[in-house]
Amino acid sequence: MVIVYGLWLGQLTLETLLFVHLLLNRFFTRHPYFFTYLTVVWVASVVEWIIYHWVPAHYTGVYWVSELLTVLAGFLVIWEIVRQTLLPFPAIRQLTSWSMLALVLIILLVNVAVALMILIANVFPGPSGSGRWTDLVYGLERWLYLLQAALLAAILLAVRRYSLPLGRNVAGLLLGFGLFASLTVTSVASLALAHIDLTRWGHLYAATYLVTLLVWCVTLWEYAPNPLPVRSDNLEQDYARLNAAITAALVQVRTGLRKTVGG
Amino acid sequence: MLELTILLIAGLILAALFVSWALNLSAGRLPVPPAQVGELLHLVPLTGLSYEQADQLFDASDYRYLDRLRLHDVAHQLERDRRQAALLWLKLMREDFGRLQKFRRLLTACGARTNARGEGALLLNSISFRLLHRFLEVWIRLFGLYATPRVYTALVRPAREVSSHVACALARLSPSQLAELEQRWTLRRSTT
Numbered sequence: 001m002v003i004v005y006g007l008w009l010g011q012l013t014l015e016t017l018l019f020v021h022l023l024l025n026r027f028f029t030r031h032p033y034f035f036t037y038l039t040v041v042w043v044a045s046v047v048e049w050i051i052y053h054w055v056p057a058h059y060t061g062v063y064w065v066s067e068l069l070t071v072l073a074g075f076l077v078i079w080e081i082v083r084q085t086l087l088p089f090p091a092i093r094q095l096t097s098w099s100m101l102a103l104v105l106i107i108l109l110v111n112v113a114v115a116l117m118i119l120i121a122n123v124f125p126g127p128s129g130s131g132r133w134t135d136l137v138y139g140l141e142r143w144l145y146l147l148q149a150a151l152l153a154a155i156l157l158a159v160r161r162y163s164l165p166l167g168r169n170v171a172g173l174l175l176g177f178g179l180f181a182s183l184t185v186t187s188v189a190s191l192a193l194a195h196i197d198l199t200r201w202g203h204l205y206a207a208t209y210l211v212t213l214l215v216w217c218v219t220l221w222e223y224a225p226n227p228l229p230v231r232s233d234n235l236e237q238d239y240a241r242l243n244a245a246i247t248a249a250l251v252q253v254r255t256g257l258r259k260t261v262g263g
Numbered sequence: 001m002l003e004l005t006i007l008l009i010a011g012l013i014l015a016a017l018f019v020s021w022a023l024n025l026s027a028g029r030l031p032v033p034p035a036q037v038g039e040l041l042h043l044v045p046l047t048g049l050s051y052e053q054a055d056q057l058f059d060a061s062d063y064r065y066l067d068r069l070r071l072h073d074v075a076h077q078l079e080r081d082r083r084q085a086a087l088l089w090l091k092l093m094r095e096d097f098g099r100l101q102k103f104r105r106l107l108t109a110c111g112a113r114t115n116a117r118g119e120g121a122l123l124l125n126s127i128s129f130r131l132l133h134r135f136l137e138v139w140i141r142l143f144g145l146y147a148t149p150r151v152y153t154a155l156v157r158p159a160r161e162v163s164s165h166v167a168c169a170l171a172r173l174s175p176s177q178l179a180e181l182e183q184r185w186t187l188r189r190s191t192t
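Chains as they are written, first to last, in this note's numbering: chain Z, 1 to 263; chain U, 1 to 192.
The following block holds chain Z by itself, in its conformation from the complex (with noise of 0.2 angstroms):
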């Protein structure tokens, strides 16, 4: 329980520590969707321990409810490195910008819906609710990191195929949420698979989040702007290479079209 409880004070001073540092330091005009995401963890980690403190019978509804809002803002900062690091190459930025906001508007969708759910739950709760809700909840998260890890992933090996720079900024924004959104999932999985309580999952997820946010703390503490691409040929043509064959086999779908219509 000291643990638990001391993992929780450390993570909620880093946060404001990092909070404070970033909006003295103005950061939010330069890496303003990661801002945006550290406030939503902030204000959230505050409620809770408000909550925790002052009004315990109501902690575990805001505790989920708040879970599932900042898994959600967890998009956020991927969204940060995919702008930051594609910021030279305008049409695939825009391209990745809708794909992203479609995925984004479905699991916000999700979330609410489940979300919903479990303040419902929490108002009225019946005689064998509240576990159903806890493992919808469970199941979601880890599916979510999951989702987050790999697009991470995926950025990560764009930028190694693409030899694309990363600032100090950005590349501990990928690695701290890589790895944060990684070892979740793997802690989740295996306490789950060892058949431990994952309510015990607190712990694992306290500190792998107390990791993150050191390297966030020694990444982010000074700014440094992403460096612009000394050859982004590469990755210009290889997307100019596939629009070239989506266009051509429009034009072959087109004309077989019309050839059939016609004839």
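In case anyone wonders, no lab produced these hints; they're calculated from the structure. No false leads were mixed into what you were given.
What follows is a set of in silico ranges between Cβ atoms, one per label pair, in the way DEER data are often shown:
| # | chain 1 | residue 1 | chain 2 | residue 2 | range |
| --- | --- | --- | --- | --- | --- |
| 1 | U | ILE13 | Z | TYR223 | 27 to 35 angstroms |
| 2 | Z | LEU17 | U | ILE13 | 26 to 34 angstroms |
| 3 | Z | TYR59 | U | ASN115 | 45 to 53 angstroms |
| 4 | Z | LEU23 | U | ASN115 | 35 to 43 angstroms |
| 5 | Z | LEU257 | U | ARG80 | 47 to 55 angstroms |
| 6 | Z | ARG160 | U | ILE6 | 21 to 29 angstroms |
A partial selection of chain U residues facing chain Z, derived with a Cβ cut-off under 7 angstroms:
| # | residue |
| --- | --- |
| 7 | LEU4 |
| 8 | LEU7 |
| 9 | LEU8 |
| 10 | ALA10 |
| 11 | GLY11 |
| 12 | LEU12 |
| 13 | LEU14 |
| 14 | ALA15 |
| 15 | LEU17 |
| 16 | PHE18 |
| 17 | ALA22 |
Glycine residues also receive a C-beta, built at the ideal position from the N, C-alpha and C atoms.
Put chain U on the given structure of chain Z with help from the hints.
For chain U alone, kept in the frame of chain Z given last:
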């Protein structure tokens, strides 16, 4: 059960990817002063590693182009010559790597500092270089130069990492240690 196993494996693979990237990031932060690279190349001739057009040896596009033009004989002759050149370059790379390792041992004997992490990275680079070198050699002898550019890139990476590591260690030697190293290295090269 199946869902959890998939999640566990996927999570572990992704975590390993990020951890290995983090390790590479911290290793890549070592600055290699250009003067020390020059000093290293002056002391240890790295013929294979410093050959900048080596990637073109593994590029099959030109003789495929000739083949498409139905100049099959010319294309085959070019492919055979290219294969011989690639094998010769691989031999030079093996010699370079061996020379680098001998030089590094002498560096340590002359007082260059080492640590467990550096030694571990060198060991991994050495293993991956030897495995990839052997694989590439056998592959080229058996199948020619098809699908080799990726292996070429993977082979050059550990050799470059070892040479950067040695250049960095060289930069940290004191003038007296450097003089001793030069003397012992010259003596060793004249005797072998």
